[in-house]
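Novice: Sequence:
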Amino acid sequence: MKITLTFDNGPEPEVTDHVLDVLGAERLRSTFFVIGEKLADPERRARAERARAEGHWIGNHSLTHSKPFGRREDRDGAEDEIGRAQRILGPLAHPDRLFRPFGGGGALDSGLLNRKVVDYLCAGGFTCVLWNCVPRDWEDPVGWVERALAQCHATPWSVVVLHDLPTGAMLNLGRFIERLRDAGAEIVQEFPPVCVPILRGRLMFPVDQYVAA
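Numbering-wise, the sequence shown is residues 637 to 849 according to the numbering used here.
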């Protein structure tokens with residue numbers, strides 16, 4: 637069983653610091669998919685800088701995290717939400733230009749992307765990173781651990797979506813990692829190919845199921 641830990645929607649000073657402390661103590665590295673507009677706050681940007689300095693990857697999770705691309709009336713948003721966020725990330729960004737779309741509760745359906753966004757990601761050399769484990773930690777700060785474990789056991793290589801947000805959920809991150817270790821899981825930083833439909837601008841497999849008509 638392989639596990640890749642990822643953290644969306646931050647950075648948030650106290651929570652992100654706690655997550656980094658736990659990961660550091662466990663000698664683990666992960667990816668933080670950050671909200672671009674949050675980096676305008678020096679305190680939040682400092683946490684992203686700390687994460688990168690400690691070996692974690694920093695990815696783009698859009699500028700505002702306001703609406704899934706496939707549900708936008710204009711069927712666009714690429715430059716406003718992806719391009720602007722990438723420029724704000726600047727030197728913090730991973731060289732592969734990691735991007736994770738907003739799924740609206742973790743949904744992997746045709747609301748995720750639109751054709752203009754796919755074309756933009758390919759033209760810009762982005763790597764699109766999806767997921768296959770969403771334990772909904774934002775809804776259930778304690779119970780998410782058991783849900784995550786069940787989902788991880790059902791998949792050979794899980795990309796777990798967690799959130800470094802002030803919900804209290806990350807207080808259980810250490811317990812989750814301990815349970816993964818007890819189960820013999822290998823915790824890695826890389827992503828399984830099945831969760832990377834676009835790699836450095838190249839379509840790796842058809843994305844029609846994720847694209848609005």
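No lab work stands behind these hints, which were simulated from the structure alone. Among the clues, some could well be false.
[Unchecked claim] Simulated pairs of lysine to any residue, SDA-like, Cα-Cα distance not exceeding 25 Å:
1) 638 with 814
2) 638 with 744
3) 703 with 673
4) 752 with 831
[Unchecked claim] What follows is a list of derived Cβ distance ranges for each label pair:
5) 661 with 727: 38 to 48 Å
6) 715 with 829: 35 to 45 Å
7) 777 with 837: 36 to 46 Å
All residues carry an ideal CB built from backbone N, CA and C; glycine is no exception.
Novice: If a hint holds in the structure, say so; if it doesn't, say that too.
Specialist: Each hint tested on the structure:
no. : hint                     : result
1   : 638 with 814             : holds, 14 Å
2   : 638 with 744             : holds, 21 Å
3   : 703 with 673             : holds, 15 Å
4   : 752 with 831             : holds, 20 Å
5   : 661 with 727: 38 to 48 Å : violated, 27 Å
6   : 715 with 829: 35 to 45 Å : violated, 28 Å
7   : 777 with 837: 36 to 46 Å : holds, 38 Å
Checked against the numbered hints given earlier, this structure breaks hints 5, 6; the rest are met.
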